[in-house]
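Protein chains in written order, with my numbering: chain L, 1 to 403; chain S, 404 to 806; chain Z, 807 to 1209.
Don't take each hint at face value.
[Unchecked claim] Using 25 Å as the maximum straight-line C-alpha spacing, the simulated SDA-like pairs for lysine to any residue come out as follows:
no., chain 1, residue 1, chain 2, residue 2
1, S, Lys-651, S, Phe-608
2, Z, Lys-892, S, Arg-580
3, S, Lys-489, L, Phe-209
4, Z, Lys-1054, L, Glu-120
5, L, Lys-50, Z, Glu-913
6, S, Lys-765, Z, Glu-913
To be clear, the hints were calculated from the coordinates, so they are not data collected in a lab.
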Amino acid sequence: MAVEQFPGEPISQTGRADDDPYAGTGLPALGFRNYWYPVMAAWRLGRKPKAVKVLGEDIVVFRDKGKLYALAERCPHRGARLSQGKCLYPGSGTISCPYHGWTFSGETGACVAKLMEGPEASAAREIAVKSYPVRELRGAVWVFVGDIEAPRLEDEVPEVLSATEDWHGFATWRTYRCNWRIMKDNLCHDMHAPFVHRNSPELMFQPVFPFASRLAAFPLEDDSGIGYVSKDGVPSADYPGLGTFPPKQETWYRFLKPTGRGKEIKAEDRAVVRYGVKYRQSSLMPGATFIGRPSGDYFVLRWVTPIDADSNFYYSWSLFRRQGWWRTLKQRLFWVCWLSWAHDWLFSDQDKRILEKVIPGKELHSRTDAGMIAWRRYAADHARRRAEGDAKPAETLRPPAAE
Amino acid sequence: MAVEQFPGEPISQTGRADDDPYAGTGLPALGFRNYWYPVMAAWRLGRKPKAVKVLGEDIVVFRDKGKLYALAERCPHRGARLSQGKCLYPGSGTISCPYHGWTFSGETGACVAKLMEGPEASAAREIAVKSYPVRELRGAVWVFVGDIEAPRLEDEVPEVLSATEDWHGFATWRTYRCNWRIMKDNLCHDMHAPFVHRNSPELMFQPVFPFASRLAAFPLEDDSGIGYVSKDGVPSADYPGLGTFPPKQETWYRFLKPTGRGKEIKAEDRAVVRYGVKYRQSSLMPGATFIGRPSGDYFVLRWVTPIDADSNFYYSWSLFRRQGWWRTLKQRLFWVCWLSWAHDWLFSDQDKRILEKVIPGKELHSRTDAGMIAWRRYAADHARRRAEGDAKPAETLRPPAAE
Amino acid sequence: MAVEQFPGEPISQTGRADDDPYAGTGLPALGFRNYWYPVMAAWRLGRKPKAVKVLGEDIVVFRDKGKLYALAERCPHRGARLSQGKCLYPGSGTISCPYHGWTFSGETGACVAKLMEGPEASAAREIAVKSYPVRELRGAVWVFVGDIEAPRLEDEVPEVLSATEDWHGFATWRTYRCNWRIMKDNLCHDMHAPFVHRNSPELMFQPVFPFASRLAAFPLEDDSGIGYVSKDGVPSADYPGLGTFPPKQETWYRFLKPTGRGKEIKAEDRAVVRYGVKYRQSSLMPGATFIGRPSGDYFVLRWVTPIDADSNFYYSWSLFRRQGWWRTLKQRLFWVCWLSWAHDWLFSDQDKRILEKVIPGKELHSRTDAGMIAWRRYAADHARRRAEGDAKPAETLRPPAAE
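Let the hints inform the model, and build the full structure from the sequences given.
This is the structure in structure tokens:
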């Protein structure tokens, strides 16, 4: 599927007369089950268990002797929260409920003891709470929420995230008070950047990004999502009866040359040759966004983890290829002194301010939404939940034409 | 209709077993559509658009080159809030959505450009958001919420509000956390004043207002509402088994003479002769209260603007007839140093404290509710919504007998 | 009913697929009607009326000339809250609505005057608000919520509470943000104490309470509730694959001898001989807990008063037998300097932290829940509501075997 040809507007509409205004997208309100999600920064998980909510499920995450465990948060006995308990027997990989000491194996979720009932407690081992696959990778705690066997986490994320010996990086995270779909929509090569971010500290002295471009989306070869290509954009345009965009009063201070950011990746670029990244931006299942540069030296990965119907957890990595300690040091300083502030804070805040106030309802799509629409279609067709019996032919996307 | 004869109590009851405990009044929970409402003080609307909620509708109000515009707040593209955008092209009378720059004419609501899609964006002009008639008058921004052509605002408000050359005035405003009907009920010559306000700074040294009076309501000649007349009140009464009202312990400090306030207006008073105001208090559609003095020199106008089912916006004007700069100066000082504090703040707070805590439900009406009942009947019968096809004979009020 | 024999686990389950996850218990979400409940500390009720919510009912409590009154909070006229009014005529035992002065007898609830309508107001006396039996006892204001004639309060509480000449005491109270049933469950000789409280300041230097005991419950002879007996507990146990409970790292500082607390009461103990208290802990209707010591010198009474479905008011007395002024002084100092802080504050907080976070739902019962299950059964069978017509044989408990 190349969504280059626009049949006219609106090309589609979402919204139905039921509780979920985005039901028409085919994307579930609580996110796609059967995927890995980052749920918190690993350094924040110390000796005390932590409660997280992921895809609407209450989960306790804890460590014992360095090993991570994740279980359902609610004790089946009387409903107390396991995250208020602790690992009473270090090395056992268990957590004990704070109320009557029902003790559960972090590995299997089985109840291995009811402390207040004594060692002869009957039937303890027939009781279990749900156990979640959990991992630590690139500084984050990841949890697999679903009903099937979890695939290897490393097989699910781009190489630049898992190959820690070749890449160093940083992450930031924030909670957004909006449904995860509104958040992910914003990250689908959505053509708001030249408008929303044009006066962010990062971009205000450069010409605005090209806009009014034609956007196409192609399935990735490894079936992990879609990649975007954009063509024919302009850095400025005249609108009859209005004036120029960007507005004249904003042009005099745009004296810098554009940075490489936003350039398409060519077949001979190192990003392709070395890392197989053909698109400068792609949408990955179950709701991630991957952004590369032709140099192959810098990547950005953003993961949207649904919390519940009204909020999501946004985890964003900036990843640099290791090129010696001196470069690494410079990159770290650059991130600490500039990127973390200018991009992860101020730039992202411009989106956050808008997204958290969106009034969900009927949409009226336009050319600028092509990336989002392609994502919605791909995700609805390829989500793992579909593989459980009623598998659809699904592959409605054609292999990408040679760009 | 003169509601002088009380057939016995309770003369009526409100409340039905559905969601709206005031459904039985015939007054809509979100207010009467097809009327003008003050929505904010004009000076508060600067260069940034402002969002208001009126009768449950989200509206953005903005200015461009001094002209006012009001549009539906939600952008039909992806649901962002127009009030977070701005007028990018001064003089064009447009507002641009903060997300992708869809730009709407403040005049018509039509989409005149989709900035991020370029000037050739198709079909933009077939898209529109709702546009609301909006005006500035006597320091307030007024919006007409409805489905019919808006009448001239000046034809809808008392002359003393629109004739700015002859009258000067002040306004205060507050948000009340109760349904607009509870608020308006309180303003229908409701006989709570001698009780609730008897110890307010304004009134505590005077005898209490007469109470236990008979109240009658008459339709105004211009069909804009009803006027109230009260008779036979007493300033004190003995209650068997209880004692006197006002209670004895409150009488020793009431050494002042009563002010003219609360006196009925006679046919020869200037209020009648010059301004046609025959009643000292009247209830005007769609929920306003007009209070005059026989001298014709001072009027008070109070407008209740429904926000949503649980809150309303209360706009209150004190209006003085211009009688030379010296009198104007004195009146201004009087308002600033006394009225604004003693009346608009402390006196009104006595009502606010009670009204915001009312537990809606079945009511048990009494003689003291005659003004409120007359208002409810008049408003339910005369609201403009009724004029749309199923017009009722409605005129159940008889012309006022000569008082 | 002696619930000594455990048929195997889970012995029962609660939770149904409707709104109330505890519906299966047979205990009403808002508490048992037709009982007395403490609703506030008496010293907190001064000259201003106070609003309380009890079993979901809004009630105003006020004093006049030392006498207590309790009425429904909502004025039937226009819904204002009587607690915002006051007693205008001291000695009359009335309260006047803050809005139009409808005045109600505290004794009967009858409307004795409509102040703003004058003394001739018709039919006032046919109007009434609900009047609640109200008393002051042992420092608390008690209200009877129900539909039958209230029994004497002194007949409903243990003698040690009502006999103020023989006993002195202290009370604390807190609001818990959980349903009253979750709170009362915690007080049914529930075997969480050795676990939850083992490191509270009161207990941390003593061996933990015996756990893994067998718990039995017996109906009290006066039909006021059930008493608990526990047997065969151990102060320590080994759990295969885990270790010892209490955990080894917690044993070195447990150097004190156990206090008498938690000892069973024998037939020759003064508690039995003098006060007829045979059980060290009992659950009393409608949701109270009574705890005694063999010496008969010290009792604790805890009353759970439902506020609404999501919160309850917990009133707890520590009661000491008067044994001369010197002992009384010492006990008072002991309570002020130690008990109030160590027990009523820190110890109770350990429960509060867990209970307020319980996720209600299906439960999986165990031996340690025997006290709670016995309470639920007894209360569901013996609640006064059952006596209104569809009286059941109810007595499913057998008289207690001689312990």
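Within 25 Å, alpha carbon to alpha carbon, are L/Lys-50 and Z/Glu-913?
violated (54 Å)
25 Å limit on alpha-carbon distance, applied to hinted pair Z/Lys-892 and S/Arg-580
holds (23 Å)
Straight-line alpha-carbon gap S/Lys-489 to L/Phe-209, limit 25 Å
holds (20 Å)
Please work out if Z/Lys-1054 and L/Glu-120 have their alpha carbons no farther apart than 25 Å.
The given pair, whose Cα atoms are some 20 Å apart, holds under the 25 Å limit.
What's the verdict on S/Lys-651 and S/Phe-608, does the C-alpha distance respect the 25 Å limit or exceed it?
holds (14 Å)
What's the verdict on S/Lys-765 and Z/Glu-913, does the C-alpha distance respect the 25 Å limit or exceed it?
holds (23 Å)
The structure is inconsistent with hint 5 alone, although it conforms to all the rest.
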